[in-house]
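Novice: In case you want the letters, here they are:
6 protein chains.
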Amino acid sequence: MKIKIIVPVATDDFNQGIKEEVERVKAPDCTINIENLNSGPLSIESRYDAFLAGPDIVRIALEAENQGFDGIFIDCFGDPQVSVVREIVNIPVIGGFGAALMTANMIARKYSIISVLDRVVAMNMSLAREYGIAGNIASMPVIDMPVKDLKDKETLTKRLVEVSLTAIEQQDAQAIILGCTGMMDVAKRVEKILAEEGKPAPVIDPATTAIGFLQSLIRNNLSQSRLTYYKHEDFPDNSGKPKNF
Amino acid sequence: MKIKIIVPVATDDFNQGIKEEVERVKAPDCTINIENLNSGPLSIESRYDAFLAGPDIVRIALEAENQGFDGIFIDCFGDPQVSVVREIVNIPVIGGFGAALMTANMIARKYSIISVLDRVVAMNMSLAREYGIAGNIASMPVIDMPVKDLKDKETLTKRLVEVSLTAIEQQDAQAIILGCTGMMDVAKRVEKILAEEGKPAPVIDPATTAIGFLQSLIRNNLSQSRLTYYKHEDFPDNSGKPKNF
Amino acid sequence: MKIKIIVPVATDDFNQGIKEEVERVKAPDCTINIENLNSGPLSIESRYDAFLAGPDIVRIALEAENQGFDGIFIDCFGDPQVSVVREIVNIPVIGGFGAALMTANMIARKYSIISVLDRVVAMNMSLAREYGIAGNIASMPVIDMPVKDLKDKETLTKRLVEVSLTAIEQQDAQAIILGCTGMMDVAKRVEKILAEEGKPAPVIDPATTAIGFLQSLIRNNLSQSRLTYYKHEDFPDNSGKPKNF
Amino acid sequence: MKIKIIVPVATDDFNQGIKEEVERVKAPDCTINIENLNSGPLSIESRYDAFLAGPDIVRIALEAENQGFDGIFIDCFGDPQVSVVREIVNIPVIGGFGAALMTANMIARKYSIISVLDRVVAMNMSLAREYGIAGNIASMPVIDMPVKDLKDKETLTKRLVEVSLTAIEQQDAQAIILGCTGMMDVAKRVEKILAEEGKPAPVIDPATTAIGFLQSLIRNNLSQSRLTYYKHEDFPDNSGKPKNF
Amino acid sequence: MKIKIIVPVATDDFNQGIKEEVERVKAPDCTINIENLNSGPLSIESRYDAFLAGPDIVRIALEAENQGFDGIFIDCFGDPQVSVVREIVNIPVIGGFGAALMTANMIARKYSIISVLDRVVAMNMSLAREYGIAGNIASMPVIDMPVKDLKDKETLTKRLVEVSLTAIEQQDAQAIILGCTGMMDVAKRVEKILAEEGKPAPVIDPATTAIGFLQSLIRNNLSQSRLTYYKHEDFPDNSGKPKNF
Amino acid sequence: MKIKIIVPVATDDFNQGIKEEVERVKAPDCTINIENLNSGPLSIESRYDAFLAGPDIVRIALEAENQGFDGIFIDCFGDPQVSVVREIVNIPVIGGFGAALMTANMIARKYSIISVLDRVVAMNMSLAREYGIAGNIASMPVIDMPVKDLKDKETLTKRLVEVSLTAIEQQDAQAIILGCTGMMDVAKRVEKILAEEGKPAPVIDPATTAIGFLQSLIRNNLSQSRLTYYKHEDFPDNSGKPKNF
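Chains as they are written, first to last, in our numbering: chain B, 19 to 263; chain V, 19 to 263; chain R, 19 to 263; chain U, 19 to 263; chain L, 19 to 263; chain G, 19 to 263.
Don't read these hints as lab results, they were simulated from the structure.
Please note that a few of the clues may not be correct.
Because identical chains share one entry, a pair is satisfied inside a single copy or across any pair of copies.
[Claimed, not checked] Once the Cα atoms are required to be at most 25 Å apart in a straight line, the calculated DSS-like pairs of lysine-lysine come out as:
{"no.": "1", "residue 1": "K166", "residue 2": "K20"}
{"no.": "2", "residue 1": "K217", "residue 2": "K20"}
{"no.": "3", "residue 1": "K217", "residue 2": "K44"}
{"no.": "4", "residue 1": "K217", "residue 2": "K166"}
{"no.": "5", "residue 1": "K206", "residue 2": "K249"}
{"no.": "6", "residue 1": "K169", "residue 2": "K20"}
{"no.": "7", "residue 1": "K44", "residue 2": "K20"}
{"no.": "8", "residue 1": "K249", "residue 2": "K37"}
{"no.": "9", "residue 1": "K44", "residue 2": "K171"}
{"no.": "10", "residue 1": "K249", "residue 2": "K171"}
{"no.": "11", "residue 1": "K249", "residue 2": "K44"}
Keep in mind that this is a model prediction, so the values were computed, not measured.
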């Protein structure tokens, strides 16, 4: 089984961290390839960032299917262009939001999504509505750290613990979702501290749960519904240039 | 008051019809300018179509704001790129979906959206969820006619009446929303036939209600919330090329 | 286009303020006439107040239709008797709630309604449910000022800013709705202060958005659905006295 | 325990039937008094009918409280003026809708409301939304018989069975609610036929469940919440004429 | 009318208190019999406690029906085994949750459930969802007292008042539900204090409202829907041992 | 990784079929052990069946944790005793419902659950509500075949195709969920026929998706939230007999 991870930013700064994380959750028969954009934003913190990342995401996805990959993970919590790519390839395509939320919904009934900045909260709320699970969101707090600062794991952990405790104590959150795939390598650390504080909430990492979920889809031979995401008919040659363009 | 209508397709086939429609609903002090894409799809019947239309929609929107327009209507029921454009201009930006649905919600409690083809139903359902009004949708039937065939007004009217009657009689729809801005010039005709059949449902045209709604926003000096659609910070010169691109 | 504004209180104290507000949002071809009750409450702060205002609202509405008005705005946030009047006249009838909420829903995804007193909060919540948008309400705080005190614009502005900031910071409100049509002439002032405080939320005035919305309905030749609000059949002469009374 | 039943129509045609029905569900220590309007509509099939019945409902309710009644049942499925009366008396006040629906919700998870005519369906849907249980409604069919024809028990039973079977078989209804207090004396008959047809759904009569529910409220010494229905302050003497009128 | 109360714990410590409470709300023609488990937990504070109580609840319920009881109240807020027992007896079976919540929903639009401990909050939330009324829950606070300590009425009252005031002031609760049938004999005391504090919320006791509700079901000759709770077919002799066991 | 499958019936009739199915979706490093009840029902088609299966499910689960298994799949669509078992073991426990629904929610927006018999529909609806995704269910049709007849694959396939087509064409289902873990080995066959009929809906098998999901949880080192499912404190020796029993 071959999985393509598209890291939808024009930098390879995150690749090593991602590689280490996902290695821990892949099965022995699964190989993973990570690819960045040639051009695009350095982080995705707005709808316009996702728009700018679009052309290269589409290009890489089409190439991945041609190269025989079995599934694609667009490695960003905000599911950027996931809906678009699902129309143009047949292999399963997922982002971080769906994987993290479906996992949370399996093991808890209410959960909070912790975002980096206020500016992405409304975007995440829209996704929760699209998946039909907005009623299960306990709260959507922020740590107020831009993506570029997330490599400071100590501050990141401290802020995540603070807002998690508030979410659990005041909004009845039963699980915590890290709302950015850049919050790498801290889920278990935060989970441990919460348990020590008497609030044993699972802490869910969107990237590692995505790799787990995608393997399950591939092994089950399941992909996006063609009644939700109709195949775009104008792709005779998978060139990215439809007939009517 | 100056309104820019972006018709997000690479053809001016629809412009004359649009012009005639919107003239009927604009106030005396309102001028309207219609513009098409230089390149893009000929119709928007998928998420990928909306993706392809993206770059030119963004370009025209930025230019419109620079030219002093007071508001933008992206003339398509599916609100293509409305969320993205709202982040990069300050003037109000709306699409057909929001205008039609908010109008329907004002004058009825349950309503059906009539789409052209099965392939767009899930897209329209996602929008209904994003606006938080999915519970008010009675049904989402289709007339099974692609956009390019909508100029056959007779067939169009006949099909719209058929599915409207079913929606009213079997799903308790109280109003009918034309789910494509290409269904021009038939709303009142369908409304009249429904009334004659004993089912007096309002029939809502997304383009004309959008022009009405946009005038109201402009006169009220209201625009998209900057807490929902944060301004993209990397636009020092409105060039469409952010600093980090 | 002629619009009748029914101010559903037995005093003309508010008329001049209303007149000034709505003048700013009407089109050149629109004339507006304001009328008060002969007898009724001095403010509407309960369901019983709305009940007491009922007979005169009904009388004025029937007269307005006979006199050739094109639409009616019942100038109160709580939509008093809007449902009843919609059954007995054919011209469009709206109140403040629907107009403000549909406008908020167009430009933001979550919003707070600021009420005058605790006693009206449950009434406003019922309306939110009736319109099917209760899930979009971030919070419903109060400023704890009765309607009669709202002419103190300074205190009013101060209180509105305070509760708006709390709604934005703690309940994720993205827009603010003034939950009383007596909160005149302060929306833009509050909006400006919120922006200066780093919380750029649109502030929506129910009266001015109602006039904007009503113009849109009239220009679109749309009125309340007769499948939601069936015409009362016992009105042979629009006398207000049905046959079986 | 003394219960006042207000039959909100200007006729005593229904009183004998009501008396017989409610006698069967009252406890030995409960006495019931039935009263009609002096003036008002002959049936309630619209919001305007409920409006016309308002003044006499208010008058009788205030008198009932003064006379020492322990609770009031406004004997109509549509809860006419229940919200208004709850503000002006302290004893518990209920209508048919709440009683029937809360009973259905106790013994089934999805249920259909059978209405007399299309014209009241939207009114009943609004009530379902106000009670926050619209998601539990399986369907809202009609028997297409006006209230005045309901005394034809045979046709009534036949029509109720027909639409009930459709609701059960096609919309997954698990219980049937008679959506008019004028559908007297048929609930058990319909229930029996449904069981014989292999569809053993409980059939709920709004009037008898209301008397049962009201007794429970009175014995529990519970009344409408004063945080939902604030007491109208202008009633120093319960005259029905507030100070500011 | 004969009602069986199953107190689903292996102790009769609560029986006297229950007896006194329910005597106050039963009609003269109603007799009540209270029975405990032979073996099982001493309190129900988890799903596993409810599981352990299961066999004896089932046994007592089957015996009660054979002995001619008209209805069963399983005297615990968490509705333990109510769904299971509804499948195997024909007489109406209710628990504390449904009765309290349906009563609250009748007299208020939003309400808070006060639980004993954090560990039961998620269980109560699941019940709210099953009844389809989760959207009406204002909040679910806890008093942090295990069931065994509830006999300290003074501390209990004090804690209930504290969390009730917070629920009313900060989450817009309009009524208070005591979320444990062990919180006996304090509802009216708490209600009185809340009123004195200017927050006149009804306080609902699940056990007394259950007895009121059950009497209403019995007088109305209504029981659980057989389309929700199909009769278990393998009970030829009501022995509790189905054929295929 | 070692997974325990509890087949909650007192027969090993299904084991071989289950074994073949799950082998196809397990990773090379995963071993699976299947175990039946010593005593219990032969199929689970009611809440009482799940009750009867309870003691042995609990016993096997406790033993499995002691034996070092990494996760438990209770192999039944109705999640029997999943909530109870989650309180008493620390390893992740899932049933068929959650796995199938979370997978469907990842790849489609609306989906239908096909049940064996009418009698389980309300049970499945309760689960959908508990997971907070009832709004995403398009419909819940039945094939009207008891579990014991499901080995007739030809009839099973035919019936599944029939009801799936109706769900897709009339209720806008975009994916199909097999609502019984006994519908083995037909998912891909049904999916293929639906695609040939022009309705390319994914068909989701609850057992194979459960194995996929459970592997993901185990690799992610995630288990049920202890804030949703508190650990039962009275298990000093995992004997199944708590201290207070």
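Novice: It remains to establish, for every hint, whether it holds in the given structure.
Specialist: Okay, the hints, checked on the actual structure:
In this assembly of identical chains, K166 and K20 lie within 25 Å of each other by CA distance neither inside one copy nor across copies; the values are 29 Å within and 39 Å between. Taking the shortest alpha-carbon separations for K217 and K20, neither the intra-copy value of 38 Å nor the inter-copy value of 28 Å comes in at or below 25 Å. For a Cα distance limit of 25 Å, the shortest separation of K217 from K44 qualifies neither inside one copy, at 29 Å, nor across copies, at 33 Å. In this homomeric assembly, K217 and K166 come within 25 Å of each other (Cα to Cα) only across copies, at 24 Å, whereas the closest approach inside a single copy is 29 Å.
For the homomeric pair K206 and K249, the shortest alpha-carbon distance between copies (20 Å) is at most 25 Å, but the shortest distance inside one copy (39 Å) is not. In this assembly of identical chains, the alpha carbons of K169 and K20 never lie at most 25 Å apart, being 28 Å within a copy and 35 Å across copies at closest. With identical chains, the CA atoms of K44 and K20 are at most 25 Å apart both within one copy (11 Å) and between copies (16 Å). In this assembly of identical chains, the alpha carbons of K249 and K37 never lie at most 25 Å apart, being 31 Å within a copy and 33 Å across copies at closest.
In this assembly of identical chains, the alpha carbons of K44 and K171 lie at most 25 Å apart only when taken from the same copy (24 Å versus 34 Å across copies). Taking identical chains as interchangeable, the C-alpha atoms of K249 and K171 are never at most 25 Å apart, the minima being 42 Å within one chain and 28 Å between chains. Taking CA atoms no more than 25 Å apart as the test, K249 paired with K44 passes in neither setting, with 29 Å inside one copy and 30 Å between copies.
Checked against the numbered hints given earlier, the structure breaks hints 1, 2, 3, 6, 8, 10 and 11 and satisfies all the rest.
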